[in-house]
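Okay, here's what each chain looks like letter by letter:
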Amino acid sequence: MASLTSLPHIQRATDLERPEHEARWELSTLKGKLSELSGHSAAGVSVALRLIAQTQRGGEPAAWIGSTSRLFYPPDAVGWGIDWEALPIIGLGDARQAARAADKLLRSGAFGLVVVDLPPRAFVPAPLLGRLMHLAETHNSALLFLTQKSPTEDSLSSLIALRAQARWASLDARRLRAQLDIIKDKRRGPGHQILEDYHGPLGLH
Amino acid sequence: MDRWACINAADFALQVLLRAHPDWREEPAALLDRDHPQGKLVGLNLVARQAGLRSGMRYGEALALIPALRAGTIAPEEVEAVADAIARALIDYAPQVERHEELAGLFWLNASGLSKLYPSWRLWAEPLRDRLMERFEIRVTLVVGFRRALTYVIARTSRTSGAFDTPEAEARAAGKAPLSELDLSRSDRDLLAHLNLRTLSDLLALPAHGLERRLSPALVALYHQARGDRELPIRPFRVEEPTQSSQHLDYAERDTHRLLFLIKGHLHPLLRRLEEANDKLIALELHLELERHPALTERIEPAQPTLDALTLSDLIRLQLERLDLPAGVTQLTLTAHSEKTRTEQLRLFLGGDEPPARDIEAANRALARLRAQFGVEAVQRVRMRQAHLPEGRFLLEPFDALPLPTPTALKTSQAVRRFYPTPLRLRGLPPAREREGPHTICGGWWVRELHRDYHLIATNDHRLIWVFYDHRRHRWYVHAEF
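Just so you know, the sequences run in chain order A and B. Be aware that the first sequence starts at 1, since it is given in my numbering, and climbs by one per residue. Be aware that the second sequence starts at 1001, since it is given in my numbering, and climbs by one per residue.
None of these hints come from the bench; they were simulated from the model. Be careful, since some hints might not be right.
Chain B side only, calculated, beta carbon under 10 Å to chain A, not exhaustive [to be verified]: (1) 1228; (2) 1317; (3) 1377.
If you want the ones that stay clear, here's a sample from chain A, every Cβ over 12 Å from chain B, calculated [unchecked claim]: (4) 134; (5) 158; (6) 172; (7) 182.
As the structure is a prediction and not an experimental result, all values here were calculated from the model. Every residue gets a Cβ at the ideal spot worked out from N, C-alpha and C, and that includes glycine.
Only chain A is shown next, with the shape it has when bound in the complex:
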């Protein structure tokens, strides 16, 4: 009988090397998954717009679904180089309708990224999220939900593969630093942080 000590060394989970440099909120990380970016500030909006610009630079269409009464401010994003003509804004304030619209867009297989900006305390039915996850996987598209909640609150669903809490780490009006605390990552595990620097507003308008 073989001695237990002769068995190959088993690495403990905590010993596993975590590739921090890969754990970024890039489009490639988000593709084929449902992701959620939460926060009470609008830091997530800047992150989402950066992802849209990245998607368009890859030659893929992106779409924004959300209420037009609390939209991003396009003049701020002029320097991102976004092609506004190729960015459809689906003006739907209701969470279920927004998710159904995302279903239609993902089903077409024509969008690399769909951002769904949900209102506070939004609820999306699990079967609908299941369909969305399947479509994102099938068409290798990224579906990003923007939600307004604290880190202690539950994510939209267990089907969310990646969840981060976005907040401003520094509030200098000239230079803003977004801090993304990864609180759920089904692939690499949670607990790491991503910092992104943005310029502050150029004047008032």
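With the hints as your guide, set chain B onto chain A.
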């Protein structure tokens, strides 16, 4: 020799504007090129001209002179729609109707056979003028002559209508027409005044040789058109009857599924008729007569011209699901709007060109489905524009087709605010760690005066909000948040 009747509606765009504001007719009224104090006056009614206003003046300047001035803009599509409606009405008077390519209020009727029907031109022309006035509230001048270009010159420069019995009489009248009243640019009018060319006969007296070197292309074109060497830029007006199919129901149908099946029964023959005419459907209008309720009209637009019944059925289904019928449908009418099928170019894949990563036509089909399900206004895109107020610096507008993205290079990575087009009222300012401002925006005196003091506030609870104090309402508002 053919007889042509030229119908000219002077200041056509202004007349269309005044149709929408009948109370302005007795006041000084003007048409602006844009709704802004720096906008130019491009059309003036008689009262405004008599008050001393001139075309080309700035709106702010004119308003300072005549505070009672009424002014507005009009969309080119609206002007075009009225011109189309007039052309359609003119078909009742003569079989051949033509329109000027560039000037919206200018029409020609081929009046060749009418002399046999009417003993005098007056008997034909006067009811026509009265009908246009009564039906469209558009005042026109009508000139019956022998050549389009000469009737145009006379109708454009004369305030009265009339007919010419001989080509010579027409040419004599046209020769006396003042060139300053024709549709020429300011530089052309200045050049003509400089050369002391006052009337058309003065212009026609010039030798044709070397004219291109001395005059602008517009003046050379006028010269040749008046001599009869060239024709005016005209296009025949053709009434294209949309393909229709209608059914009267014996009972009031409320069930949308059964309605869908009834509609499908009409859809296939409609599409077959379009196919036979070498057309493709660009929009389908669904008109539903309701029992004891006003009728409903829904418009279904596929992503691209199509004859695919399956796609259309799907869009109709989505549209019907959205409808909340207040009563049963007693009659349904399907109207197909179409365009000619064009031969699509074959895509050539040459040296290294890669096909796009995603199918943009599939994206457009998905957006068409969203329009059908949630309404046309649900699918929009951003258009940037120059404006004074933050909320005016962009607008959301519907669009027809989504192109493949062609982004530009990244210049700056600026943080993007979440913006509230309708500012949120604040009961009081939250405690602030830091504050920047005020940055004042005031103006809008020409419409609705405003005075806002904007502040960027870092609050104690780690929020960065963009607030303003409205001096007129004496209240604080949040306009955006970082």
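Hint by hint, here is what the structure shows:
With its C-beta approaching chain A no nearer than about 46 Å, residue 1228 of chain B sits outside the 10 Å limit, and its interface hint is violated. Because the closest C-beta pair between residue 1317 of chain B and chain A is about 13 Å apart, greater than 10 Å, the hint is violated. Among the interface hints, the one on residue 1377 of chain B holds; its C-beta lies about 7 Å from the nearest C-beta in chain A, closer than the 10 Å criterion. The Cβ of residue 134 of chain A lies farther than 12 Å from every Cβ of chain B, with a closest approach of about 16 Å, so its non-interface assignment holds.
Annotated as non-interface, residue 158 of chain A keeps its C-beta farther than 12 Å from every C-beta of chain B; the closest such distance is 27 Å. A Cβ of chain B approaches the Cβ of residue 172 of chain A within 12 Å, the least distance being about 8 Å, so the stated non-interface status is violated. With a minimum CB-CB distance of about 19 Å to chain B, residue 182 of chain A clears the 12 Å threshold, and the non-interface call stands.
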